[in-house]
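Which chain is which? The protein sequence lines are B and S, in order. Take the first sequence: its position 89, counted from the start at 1, is 89 in full-length UniProt numbering, and no numbers get skipped. Take the second sequence: its position 182, counted from the start at 1, is 182 in full-length UniProt numbering, and no numbers get skipped.
Derived from the structure by calculation, the hints contain no laboratory data. Please note that the accuracy of each hint is not assured.
Calculated pairs, DSS-like style, for lysine-lysine (alpha carbon to alpha carbon, straight line, at most 30 Å) [claimed, not checked]: (1) LYS35/S / LYS366/B; (2) LYS382/B / LYS127/S; (3) LYS318/B / LYS50/S; (4) LYS442/B / LYS507/B; (5) LYS382/B / LYS37/S; (6) LYS53/B / LYS442/B.
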Amino acid sequence: MNCVVDVCLFSFSLDVLSEMSVKAFELVPAVERDLLMGDKARINIECIECCGKHLYVGTNDCFIHHFLLDEVTSSKGKLTYSAQKLLHKYLGLKKPVAELRAASALERLIVLCDGIVFLVDMVTLESVPSAAGGGVRIRGVTAFCINENPVNGDPFCVEMGVLSSKRRTVQVYMVFEDRVQLVKEVNTPEQPCAVSLDGYFLCLALTTQYMILNYNTGAAQDLFPYDSEEKRPIVKRISREEFLLAAPGGLGMFANAEGVSQRAPVSWSESVIAAAVCFPYVVALDENFITIHSMLDQQLKQTLSFRDGQVLQDFEGKVMLASTKAVYVLVPLPMERQIQDLLANHRVEEALILTEGAQRNIPKDKFQILHRRILQQAGFIKFGQLQFLEAQEHFRKGQLDVRELISLYPLLLPVSSTFTRCHPPLHEFADLNHLAQGDQEKVLQCKKFLITYLGEVRSTEVANGCREDVDTALLKLYAEQNHNSLLDLLASDNACVLADCIPWLEKYHKYFALGLLYHCNGQDSAALQLWIRVVDGELQDCTRSDLYEYIVDFLCCTSNLDLVWKYADWALRKDPSKGVHIFTKRPAFTDQSDLSPDDVISYLGKNQQALLLYVEHLVLEKRIQKEMIHTNLAVLYLERVLSLLSKSPTDEEQLTRAREKLQAFLRESSLYRARFILGKIDNCEKLLLERATLHGKLEEHDTALHILVHKLRDFSSAEAFCMWASSSRDSAYQRQLFHLLLGVYLDGSPPAAGAGSSELQMAAVDLLNRHGEVFDAVCVLRMLPDGWSLQLLRPFLNRAVRASMHACRTSQIALGLAHSENLQLLHDRLKEVRKPIFVSEKKGCHLCHNTFSEPNVVCLPGGVPVHTHCVAQRVRDSPTKKRLTNSSNHT
Amino acid sequence: MPDLSKMKKPDVKVVLLGDMNVGKTSLLHRYMERKFKDTVSTVGGAFFLKQWGPYNISIWDTAGREQFHGLGSMYCRGAAAVILTYDVTNWQSLAEIEERFLSLTDTANHDCIYALVGNKADLTDPKVHLSQDADGQTKDPTGGDEERTEPQVLSAVPTPPASPTSFSGLVLHKQVTRDDALSLYERILRYKGLDEKSSLPADKMCFETSAKTGYNVDVLFETLFDLVLPSILRKRHENRESPTVDLEDSGGVGSKRARSSCC
Numbered sequence: 001m002n003c004v005v006d007v008c009l010f011s012f013s014l015d016v017l018s019e020m021s022v023k024a025f026e027l028v029p030a031v032e033r034d035l036l037m038g039d040k041a042r043i044n045i046e047c048i049e050c051c052g053k054h055l056y057v058g059t060n061d062c063f064i065h066h067f068l069l070d071e072v073t074s075s076k077g078k079l080t081y082s083a084q085k086l087l088h089k090y091l092g093l094k095k096p097v098a099e100l101r102a103a104s105a106l107e108r109l110i111v112l113c114d115g116i117v118f119l120v121d122m123v124t125l126e127s128v129p130s131a132a133g134g135g136v137r138i139r140g141v142t143a144f145c146i147n148e149n150p151v152n153g154d155p156f157c158v159e160m161g162v163l164s165s166k167r168r169t170v171q172v173y174m175v176f177e178d179r180v181q182l183v184k185e186v187n188t189p190e191q192p193c194a195v196s197l198d199g200y201f202l203c204l205a206l207t208t209q210y211m212i213l214n215y216n217t218g219a220a221q222d223l224f225p226y227d228s229e230e231k232r233p234i235v236k237r238i239s240r241e242e243f244l245l246a247a248p249g250g251l252g253m254f255a256n257a258e259g260v261s262q263r264a265p266v267s268w269s270e271s272v273i274a275a276a277v278c279f280p281y282v283v284a285l286d287e288n289f290i291t292i293h294s295m296l297d298q299q300l301k302q303t304l305s306f307r308d309g310q311v312l313q314d315f316e317g318k319v320m321l322a323s324t325k326a327v328y329v330l331v332p333l334p335m336e337r338q339i340q341d342l343l344a345n346h347r348v349e350e351a352l353i354l355t356e357g358a359q360r361n362i363p364k365d366k367f368q369i370l371h372r373r374i375l376q377q378a379g380f381i382k383f384g385q386l387q388f389l390e391a392q393e394h395f396r397k398g399q400l401d402v403r404e405l406i407s408l409y410p411l412l413l414p415v416s417s418t419f420t421r422c423h424p425p426l427h428e429f430a431d432l433n434h435l436a437q438g439d440q441e442k443v444l445q446c447k448k449f450l451i452t453y454l455g456e457v458r459s460t461e462v463a464n465g466c467r468e469d470v471d472t473a474l475l476k477l478y479a480e481q482n483h484n485s486l487l488d489l490l491a492s493d494n495a496c497v498l499a500d501c502i503p504w505l506e507k508y509h510k511y512f513a514l515g516l517l518y519h520c521n522g523q524d525s526a527a528l529q530l531w532i533r534v535v536d537g538e539l540q541d542c543t544r545s546d547l548y549e550y551i552v553d554f555l556c557c558t559s560n561l562d563l564v565w566k567y568a569d570w571a572l573r574k575d576p577s578k579g580v581h582i583f584t585k586r587p588a589f590t591d592q593s594d595l596s597p598d599d600v601i602s603y604l605g606k607n608q609q610a611l612l613l614y615v616e617h618l619v620l621e622k623r624i625q626k627e628m629i630h631t632n633l634a635v636l637y638l639e640r641v642l643s644l645l646s647k648s649p650t651d652e653e654q655l656t657r658a659r660e661k662l663q664a665f666l667r668e669s670s671l672y673r674a675r676f677i678l679g680k681i682d683n684c685e686k687l688l689l690e691r692a693t694l695h696g697k698l699e700e701h702d703t704a705l706h707i708l709v710h711k712l713r714d715f716s717s718a719e720a721f722c723m724w725a726s727s728s729r730d731s732a733y734q735r736q737l738f739h740l741l742l743g744v745y746l747d748g749s750p751p752a753a754g755a756g757s758s759e760l761q762m763a764a765v766d767l768l769n770r771h772g773e774v775f776d777a778v779c780v781l782r783m784l785p786d787g788w789s790l791q792l793l794r795p796f797l798n799r800a801v802r803a804s805m806h807a808c809r810t811s812q813i814a815l816g817l818a819h820s821e822n823l824q825l826l827h828d829r830l831k832e833v834r835k836p837i838f839v840s841e842k843k844g845c846h847l848c849h850n851t852f853s854e855p856n857v858v859c860l861p862g863g864v865p866v867h868t869h870c871v872a873q874r875v876r877d878s879p880t881k882k883r884l885t886n887s888s889n890h891t
Numbered sequence: 001m002p003d004l005s006k007m008k009k010p011d012v013k014v015v016l017l018g019d020m021n022v023g024k025t026s027l028l029h030r031y032m033e034r035k036f037k038d039t040v041s042t043v044g045g046a047f048f049l050k051q052w053g054p055y056n057i058s059i060w061d062t063a064g065r066e067q068f069h070g071l072g073s074m075y076c077r078g079a080a081a082v083i084l085t086y087d088v089t090n091w092q093s094l095a096e097i098e099e100r101f102l103s104l105t106d107t108a109n110h111d112c113i114y115a116l117v118g119n120k121a122d123l124t125d126p127k128v129h130l131s132q133d134a135d136g137q138t139k140d141p142t143g144g145d146e147e148r149t150e151p152q153v154l155s156a157v158p159t160p161p162a163s164p165t166s167f168s169g170l171v172l173h174k175q176v177t178r179d180d181a182l183s184l185y186e187r188i189l190r191y192k193g194l195d196e197k198s199s200l201p202a203d204k205m206c207f208e209t210s211a212k213t214g215y216n217v218d219v220l221f222e223t224l225f226d227l228v229l230p231s232i233l234r235k236r237h238e239n240r241e242s243p244t245v246d247l248e249d250s251g252g253v254g255s256k257r258a259r260s261s262c263c
């Protein structure tokens, strides 16, 4: 039965198995039976050695076959080997060739056959005669190994560890071109049966245990026990100072030179005969299979059927196998392909471990690209499984072009986007619907994820170069999902593509948002038109119930006056009192091009209510001191009063309020044209108080008081008139007004008059008794009719007398104080005159702390000299200048 | 999820030892993954890396089966802490510690810390079910409500022959008392030639845990981690002291030999 056929049969069945495994290696035939032994059934392969293109095969009939092995890559990228037989040579010992090792620098093959180690020429396969004559031979050898980490610096010398059959020793030899030299012989506690060498460390399988022996120092380290009768030991050097050993229970144990295991073991079968490492995999051969474990997670990754396995060995990184009849190469699939296979099976974690494990075999820049891509693919697999947290983490680490993700969602990317998905694709999904298979719940979850994800990345460098795509997609999702952040997005700095968003926002009736987007794109007019249609009920969008106020606010704040003139009219028609806020609440713009009050007034002309509010705003809040505006306001107030008066029935409450406003304004402003206003109400008998006020403004106090006293008979208003009309004047003016009022009261009531006049008299008495202090008592007494009782005027007189007394005494006190002060100062002066005052250039002025430069100084009370100019300064600033000037004293 | 951090170099090693089926893998799994999972008999050994503050602690889970017994000393080589685990419902599992496992720890660091842990406490002590929330040990809220009645759980954690099979709601006989554990701990110290007074007190180093409910599991590991910190610092200090080791870390050729020669 042909072995190759076997493999083919098995590999078919294993493909079915491979659902759950990785395809890490492919078994490729290198030398087939025909080339080696043809149909000679008894001839078997015993050992192989490969060195560059040279393959040597040792057989049980004591032959060495030499082949030239060429790698051939087919057009499909499939690797095959073609072997060309160069030579075969009978060694003449009639025993199997047990081991072959090439020492290429020496052009020698080290051969173990029939317990003898000897050298043959690599090219001719002729036995090499010793320099000393005769063959180079070491006898009684059971096994040998080559030190791949030699301690000797000589490149033309190979270090070799040898086990001999008789003694419990390990010998270390140096192999030269034409001789071998024993450098060390170390005793072992038991008979060794397998050896591996790294530096000074011998890793040995003894009869009952494994151990590490430093042949330089003799230090020994037991590893663990095993039973050599039960199983064949494996001692395989896998890297610097690290060995792979076959442990009981079919374990592949790792041990370093210190005897410590730094990797978890892999689990083989009990019958493993050979093992090798091809990072990150451990390859092992047993009776029927090649098993491949990952060193990264210790899991079995691949199993290949292999019958009659004889040899498994790695040569310069190339793993080769031999059955009894043929030689194969175990070709690792490109790491990327393996990773892709894992990903195809959704084995994300394994794929990532493998990728990261491959880091050391791949150039850094290439690795980064690969790693990113794998992370991105891993992210999409997790995404497809709705494991969004993991997906996001992978996307983040893999620096995914976020548009790859967005493009899964139909219609989210703007039409204008230049994005095309990367090729080969990162995932297997056509779009979200394909992924969700119609499950709306899944679709929704995916959308929510994208919202979160985009929300997080849009302000990071991930979005660099595709902000338009990201923001547009986000806006669409927000709109569709009725998400609160839609407005936040539009309120912030964003790059949404207007043309693409318009139909989308319209579809979801997000007109307010659309308006904001117009605004973001500098199309305020379009925004306003849209909003107005919403307020007017043409379009439905309940985002803001106060959209009208929003528009007013918007117009209020816009610096585009054209917009204001265009849309204020609509706002004012809708609600004049709120609409006028466009003008009244305008923030102060610094530039001069802002609205001028005159323009606004003429614009508002048709709208009385708004105009009133605006002019009121100008006068009361902006405090504009312009005759025309004040007059305008007065007229507006008046017109309002008049219009209320003309209505019947009149709304008394409104009228009162309107009149109070008018009256207050007439009283408080002095800028309006009083004569003009008076002209408008001169004949109006209902607005007497206003007329009186206006006369007062015109200083026609007679007329005013006459109206108040005789026409209105409102004495308290008359008093109040006197108060406000004189409020900004001196007391003489006030006194004059009060006397005038008193005169009006008294003149209107001749002593013999009736009830009406006694009312005026009472008013006069009350006035005197209440405001006695403003009157000149002597004048008043002269004016009063003789018949008035003293009792009646008693409060007035009392106060007048007291006031007069008070004035007298106050002035006496002032006089006394002034006198004493004068005396005090006189005393001071005399004191100062008597004693000297020293002035020198070293002494400083107490006021300015500069030194004196001239003898002229001023002396402060207490004899303190200061500069004359300092004192002058102080006097100018000080309220107590009088005292200082008095006390000044020139020396 | 496989631990990606396996590539990192561990600062210190902690090893779990004990007879098969006492629950070593479950304890470690409960601590690392915060859940109780069906486990299969460990083959050979496995290890996890735990980030503890700035340090990487490797925790080796060993196989309890006799077959793998020989590997124990290798796992213990250079260990800073060894967790000797038994099953409170199985007297033999405690005896095995003394008979089989203690000698394996000869390769551990000279200042190695030993913890004696009786697992499966939930089987004998109903309070372990109740008290876990109060103790705040378990972070898995569902853990406590389950009864150990489900057959799959029983089959998943095969009870050793010496231990009677538990039936629904039945509280098993506790075969190992705390006093047994305390006296074993003292014998361990004696075996190690350590002075009782200067060593960590038995009271502090004997734990009863339940990987099933999470009872005392965090306490166990975290106590140990805190105790091995000085060992890490010492190791780092040594590394700084000895330039040859630095060379070795950066891949120098000659240094390792120089160092090994004195071992």
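Outcome of the hint check:
1. LYS35/S / LYS366/B: Measuring from Cα to Cα gives roughly 39 Å; hence the hint is violated.
2. LYS382/B / LYS127/S: violated (41 Å)
3. LYS318/B / LYS50/S: violated (36 Å)
4. LYS442/B / LYS507/B: Satisfied, since the Cα-Cα distance of roughly 23 Å is no more than 30 Å.
5. LYS382/B / LYS37/S: holds (23 Å)
6. LYS53/B / LYS442/B: violated (57 Å)
Figure legend: structure checked against the earlier numbered hints; hints not met, in rising order: 1, 2, 3, 6.
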